[in-house]
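Number of protein chains: 4
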Amino acid sequence: MTRLSALSRQTLDYLEQPVHATWSRGVSMSAIEMTARRSRERDDLATRYLGVRGASKRLCEGLSVEDHIVQSMPDVSPTKWHLAHTTWFFETFVLSRGPGVTPFHPAFHDLFNSYYLSVGKPFPRAQRGLLSRPSLDEVWAYREHVDAAVMDRLARGDLDAEGARILELGIEHEQQHQELILTDIKHVLWHNPLYPRYAGAEPVERASRDRCRASLRWHGLSPDIADLGHDGRGFCFDNELPRHRVLVPAYELASRLVTAGEYLAFMRDGGYRRPELWLSDGWDFCRREALSAPLYWLERDGAQLHFTLRGLEPIDEDEPVVHVSGYEADAYARWAGARLPREAELELAARGRPVAGNFVESGVLHPVAAASGGDIAQLFGDAWEWTQSAYAPYPGYAPPDGAIGEYNGKFMVNQLVLRGGSCVSPRSHLRASYRNFFPPHARWQFSGIRLARDP
Amino acid sequence: MTRLSALSRQTLDYLEQPVHATWSRGVSMSAIEMTARRSRERDDLATRYLGVRGASKRLCEGLSVEDHIVQSMPDVSPTKWHLAHTTWFFETFVLSRGPGVTPFHPAFHDLFNSYYLSVGKPFPRAQRGLLSRPSLDEVWAYREHVDAAVMDRLARGDLDAEGARILELGIEHEQQHQELILTDIKHVLWHNPLYPRYAGAEPVERASRDRCRASLRWHGLSPDIADLGHDGRGFCFDNELPRHRVLVPAYELASRLVTAGEYLAFMRDGGYRRPELWLSDGWDFCRREALSAPLYWLERDGAQLHFTLRGLEPIDEDEPVVHVSGYEADAYARWAGARLPREAELELAARGRPVAGNFVESGVLHPVAAASGGDIAQLFGDAWEWTQSAYAPYPGYAPPDGAIGEYNGKFMVNQLVLRGGSCVSPRSHLRASYRNFFPPHARWQFSGIRLARDP
Amino acid sequence: MTRLSALSRQTLDYLEQPVHATWSRGVSMSAIEMTARRSRERDDLATRYLGVRGASKRLCEGLSVEDHIVQSMPDVSPTKWHLAHTTWFFETFVLSRGPGVTPFHPAFHDLFNSYYLSVGKPFPRAQRGLLSRPSLDEVWAYREHVDAAVMDRLARGDLDAEGARILELGIEHEQQHQELILTDIKHVLWHNPLYPRYAGAEPVERASRDRCRASLRWHGLSPDIADLGHDGRGFCFDNELPRHRVLVPAYELASRLVTAGEYLAFMRDGGYRRPELWLSDGWDFCRREALSAPLYWLERDGAQLHFTLRGLEPIDEDEPVVHVSGYEADAYARWAGARLPREAELELAARGRPVAGNFVESGVLHPVAAASGGDIAQLFGDAWEWTQSAYAPYPGYAPPDGAIGEYNGKFMVNQLVLRGGSCVSPRSHLRASYRNFFPPHARWQFSGIRLARDP
Amino acid sequence: MTRLSALSRQTLDYLEQPVHATWSRGVSMSAIEMTARRSRERDDLATRYLGVRGASKRLCEGLSVEDHIVQSMPDVSPTKWHLAHTTWFFETFVLSRGPGVTPFHPAFHDLFNSYYLSVGKPFPRAQRGLLSRPSLDEVWAYREHVDAAVMDRLARGDLDAEGARILELGIEHEQQHQELILTDIKHVLWHNPLYPRYAGAEPVERASRDRCRASLRWHGLSPDIADLGHDGRGFCFDNELPRHRVLVPAYELASRLVTAGEYLAFMRDGGYRRPELWLSDGWDFCRREALSAPLYWLERDGAQLHFTLRGLEPIDEDEPVVHVSGYEADAYARWAGARLPREAELELAARGRPVAGNFVESGVLHPVAAASGGDIAQLFGDAWEWTQSAYAPYPGYAPPDGAIGEYNGKFMVNQLVLRGGSCVSPRSHLRASYRNFFPPHARWQFSGIRLARDP
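Protein chains in written order, with this note's numbering: chain A, 1 to 455; chain S, 1 to 455; chain C, 1 to 455; chain Y, 1 to 455.
Pulled out of the complex, with its shape left as it was, chain A reads as follows (with noise of 0.2 angstroms):
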């Protein structure tokens, strides 16, 4: 415990160590090492947590206690509910495999459950901004008791392995809703008339600014028989396994992410009247729902704006087009004679680069230009990238047993992989294997559109 109470929870940091506990893991080693690596490990799981922790109320800095309350549409969930959750989740699935543990409130056990039926009946999602009590200061309360208790269970080594295991899927978790903090609030921000600006938003780089244009290239890539899925060595979620083999044909893929400007210049061309650039649904869903540009764009005595998270602002045409749908992108990648990639060529091309990009840390919380250079730009942050993969389960996966097997399994279906992170992604949350999964209607996130092709 030593080295821990020697950390005020004031100063940390956001830490970024790797993690090392995975879901199937089968080295062996001798009774000493393995005490002294578990020591190690249960060390580096407790500063992960607090980092993470203390991460996510950083991000409440810039917000009021009104803007935590409230839910602009049932896929939106209040900052507060946020906070909550992600304490219920460690409450729940950590705290509560030890000896009797009482909970801190005894509402909550169904109230900040997010979906999980197998431990209780969650409070309906429409409904999570009616929820005036508890109060955000008991939220906080709620939070410090159950974050003294994690760190007294990992101070007393007092955590089994797979306890150890969810807590780790616990800190990942709340990353998950670290971005989603950041993307809902944005859509409660711009329900309003006034188009707030979120404190916490940096104004951008001038290095970002003064690029210049990086033109679209193509980049081949030769056809393979490859592994897909993640190799085992640290930290994956369950939807990345097992690790496969499968085969790619050649394709091309784009040097960088669509910009707003080629976007723009799609639009005009009457991308959005012609239902020939279009899958059937994503037409109905256009003409349903009167697209007519992205999310958060607004024309404004003829000039093109769009809300960011600095408020409302002119579009820059070289940054990345974001907050469009798959269908949007779709529509745009055959406008452009081109399609979106799969989810294998995007992993494919990714693994063995750095997870380096513009991510949560570098405080701008929205895409910029790439650099113009000779390599493939932008696989990891800016915007999550639209593929034409459904999201489906890989040969032989199994979800964990119990409630933890709903995490990601049971929504293997009506929806489209996206891939690499986005400008509100932790970077520490991210690595090539990382299947993020939306419907191919959703506009909310921060997603964007690559483009791939055949030879």
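Don't read these hints as lab results, they were simulated from the structure.
There could be a bad hint or two in this list.
Chain C regions said to be covered by chain Y (calculated; three or more residues, Cβ under 8 angstroms) [to be verified]:
no.	segment
1	69–76
2	132–138
3	146–153
4	279–290
List time: in silico SDA-like cross-link candidates among lysine to any residue, alpha-carbon distance up to 25 angstroms [said to hold, decoys possible]:
no.	chain 1	residue 1	chain 2	residue 2
5	A	Lys57	A	Arg197
6	S	Lys57	S	Glu138
7	S	Lys121	A	Glu313
8	S	Lys121	S	His105
9	S	Lys121	C	Glu276
10	A	Lys57	S	Asp137
Partial chain Y-side listing against chain A, Cβ under 10 angstroms, derived [unchecked claim]:
no.	residue
11	Leu117
12	Leu216
13	Gly220
14	Ala398
By construction, the Cβ of each residue, glycine as well, lies at the ideal position given by its N, Cα and C atoms.
Once you have looked at the hints, place chains S, C and Y on chain A.
Chains S, C and Y in isolation, oriented as in the chain A frame:
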């Protein structure tokens, strides 16, 4: 200004001086009398203004910041919105009458407009709960700003007769929203499985609890050719005018409101499962919404509870039933072999009686059992009484000119009249000719049932 | 039976003998007089029954088998259903009164029940168009079967007084459905881009076409204390009773219905874009449905056409406007500086006048221009006249006992009264005290506008 | 033309000659060979055309005029519409290729266009049941008119290669609609409480009824790198191309379809009440629609019945379960400890096997119990088999140019692939590479379940 400035806003109590301006007044008097009278009226108006504005503030003392934000259905508005909208009314209709006044915030003009289409583009009603900004603090600042400006106008004698009339209308308007603040927050808190208590609610006084059960008696009233509507003394809304002659056949009125216990008997007799008791639209509503009890009632472990502003409580069978729709009221009446009264019947019965009863000032915020006694009880307060009368213009009715004409006139279809005020109405706001109105499916109001029958 | 059997059903014409049974009748007479009278009445009833049943059949001569099946919205019923339901009414309420009668088909009991919850489980209204079986031929056989049984009952003198009363009600009921057959088939054919013509519609007579334009004049009517409702001579529906005394202030009534040309002026003056002209619910309806003209109007190459039972035709500006909702009627009246009449005002104006005008018998099946002349024109026929009166029970109203009590009473909420009948009403079905009713958004009825105003 | 004119259309039987044109064919041959071959192909095409058109007609012999008109939900089309739309396909895509052809009726161009946005404005799908006109007779005349014109073209050798290819596509297209005619009319008749029988349905042959119960066995299939998709011999749809190499791990396939009895066991084990068995979207669907059994099942007096084209019948537990959604199929598989197959797994298993089984030609129009035996049974016919594969373009897929490109390509999202054909599919329409597709909630198709599992 001296008299006004002597008033400490903090110590102002709920003031209830009768106010004497009316929409149509034409008594002639000398110039000196006029001046004296105007000055007296101005001071009265200022006192009343400050009293009512202070009362709104006190209602919010029982609420957290978070409570002010939530909207639980389109018909419900967040408390913050009520506070801002009533202020907007004074700013828009009173202050804007004078020489160029800078609005407190340019966006508020539309943001806090409820439904006045002739003065702008009201922010969509169903989205009021999405507005985390302006903050609650800013709304309080807005209120202070407008209060100071109104006081200044009054002190300088800078308000013409029409301005004074609209100021008075604004005061009455704010009282209507005081009732809505309580009605709406009850609905908000009800959606929270914690069933929180509104901190401003008082326990019921011993006296009410100990009342012996008042049995229901019938009072016969003679047929009459009578004048219906307001007599022109004191304030009234436009929909109470013009006074006009009507023919009212003989009728009988129940001595008190229908109690929860009586309503329970209706339920136990299959009231919600017997179509022959219901209007056709009511039956459809009952099936569609799967109604089986008044709003806010719930059964737990076989006991019949209901949610009040004091939290979840057992039903007191002697208290009036409340939160029933017009459809339920009508079905109950049919079951009881009676009918709902017509609005003229209630007005004639209430006329001449003092406005006495259980109002918001009692702090109980729930109906209480009627005292047993000889007279017709509960004609004012406790619960709004559904009538069978459609809300329609009186013969010769003409709405006022301008935006104020939207206040009542445009709602005269698809609604039923309710009479008498409720336990959350300010006493000074009520009178015998007062017409409230809601569509027959509305249940979140403090609406109850008084029976009538033909002799 | 002789007189009856002498009648060839095929040659029976539309017969309009006044029928003298009423709901409450109590004149005493001698036994001999009684017997003679009953026999005469029975023959009258048989004649009238056969006449009305034959008229329904003739209405269908203009339709293909396929036309009988379609339901274009929940409010519309397929012709086949109308033919079966009116028959069901006689089978259920008249034939079942006698000794054990075998139903024609056991499933018809629910299948063709419209809304009588006390005698079964009506087949869902919105699904009537899903019933390809029973075939149209089977429905005609059902009709013949019931007709024979009714005739048999009458010939055998086997119907008690209540039975005769209900038979008469069934005849009037069938006349209501005759109007609905035309109203509904117009809606069905309108949804077909071929805009088919109903084969039964006649071209307008020369006389009507050549009428000189009748300018609108105002007729003053004196204030009165009058008796409203049916006087007990001849048939009436329960909702026209009891006759009761009302006080009617002086009023003025327009000399004819509002014409299509006048309505066009309202449209050109921005009538559908000016919220200040509309009731609040009406404005919401107007926006939600994107209204810009009456139902059945469409613009083609700059010309204003409308769909009639004769097919698509240019608007005749002198004809009354028809197929407007109550909301549009109210907005038009406000635009014209007038108001809609109250139902008492129309009843008093119509009382004492002959029931003359443009009814279904003319075969025109569309309103025709008013003749110019001194009197108030078009009080009967052409178009149902929207009133501002909510459909409510008259003081002392009690629905009949049993299922027949569902006929009118349960609809007395959320509807407006319309008066006077239309160009698709059978003449013998109408009278001055007749109350029709529809919700204010209904447009598919032949509903038009007559203006009223205060003197 | 001689050979053609010798054919009496009335006596033409269902003909199933294999047809040899394909979308991409490139075998070179001499000019004489070419001419001979073309003439032979033309005659084959004419024969096949007439055979398929005649088969559509025979399907309607079991229907009344009224049956042809009804649409029971937006996904269902009236029979009359199917008859007209398939004809429209030939008129629009085949006949219009030649010199100026007068359309049969100008309005049919849009009226019977299903979804081809590039050739007009399709009449709204959900309103197809509103079209009482054109009459059924006119639609039959339309068919004869187009048949004559097509025959004339073929006789004159007036169709280019592309024209012949599209004619062949039209023939296959009509076969798809033959299946839909039966699928849709079953849904229409089901909504009728008379539960009418489709006159064309045969009783099940003795042979099928007497089959001994075939127990479920597992067949192991080896891992493979195989070519998926059509091999270019004979007709195929564009979505079966291009043939491409895939890697298929070892898998096991059930020896027959899941039976109604097995499915009943799932139901009795609480299958519809256990969220852990369901995909998340599936569970939501199950709750929202209150599912508790396959479509067309109903319980009556404790007995489990189901509606078939022969009317209401008791469940035969040995027959395959049918009319389950993809969600139910997936939940069943999870309950059974298995999974749904991938489409490649079914294609590889079916490849090389004869297209034999229970198809529309048997006249049973319902799945029959599998014969017990050594091989994998029911790979063709009986019931479409849900796969877990999202319907996606094969690598390198490109839709054909022009409107025909809308045939398949634009539907490649939000759907699952089904394989194998059903008891209402024409046998000649099927092959191992055939890809059917429906959204996972579709239940009105003859869709069943085959289990797969990992070794």
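Per the CB criterion, is glycine 220/Y less than 10 angstroms away from chain A? Since the shortest Cβ distance to chain A is 15 angstroms, the answer is violated.
So if I understand the rule, the pair passes when the alpha-carbon distance is 25 angstroms or less; does lysine 121/S with glutamate 313/A pass? Holds. Lysine 121/S to glutamate 313/A sits at ~24 angstroms (cutoff 25 angstroms).
Need the status of pair lysine 57/S, glutamate 138/S: alpha-carbon distance at most 25 angstroms? Roughly 14 angstroms between the alpha carbons, so the hint for lysine 57/S and glutamate 138/S holds.
Is the Cα-Cα distance between lysine 121/S and glutamate 276/C 25 angstroms or less? 13 angstroms, holds
Let's test the interface hint: is any C-beta of chain A closer than 10 angstroms to that of alanine 398/Y? The hint holds - alanine 398/Y has a Cβ within 10 angstroms of chain A, the shortest such distance being about 9 angstroms.
Count residues of the segment 69–76 of chain C with a Cβ under 8 angstroms from any Cβ of chain Y, then say if the count reaches three. Our answer is that it holds, as 3 residues pass the Cβ test (under 8 angstroms) against chain Y, meeting three.
Please count how many residues of the segment 132–138 of chain C have a CB within 8 angstroms of a CB from chain Y and say whether that reaches 3. With 5 residues close enough to chain Y, the hint holds.
25 angstroms Cα cutoff - pair lysine 57/A, arginine 197/A: Holds, because 18 angstroms separates the two Cα atoms, which is no more than 25 angstroms.
Stated coverage of the segment 279–290 of chain C by chain Y [criterion: 3+ residues, CB within 8 angstroms]: violated (count 0)
Tell me if the interface restraint on leucine 117/Y is satisfied: Cβ within less than 10 angstroms of some Cβ in chain A. 4 angstroms, holds
So, leucine 216/Y near chain A? Judge it on the closest CB pair being under 10 angstroms. 22 angstroms, violated
Check whether the Cα positions of lysine 121/S and histidine 105/S lie no farther apart than 25 angstroms. 16 angstroms, holds
In terms of the numbered hints stated before, the structure departs from hints 3, 4, 12, 13, listed from lowest to highest.
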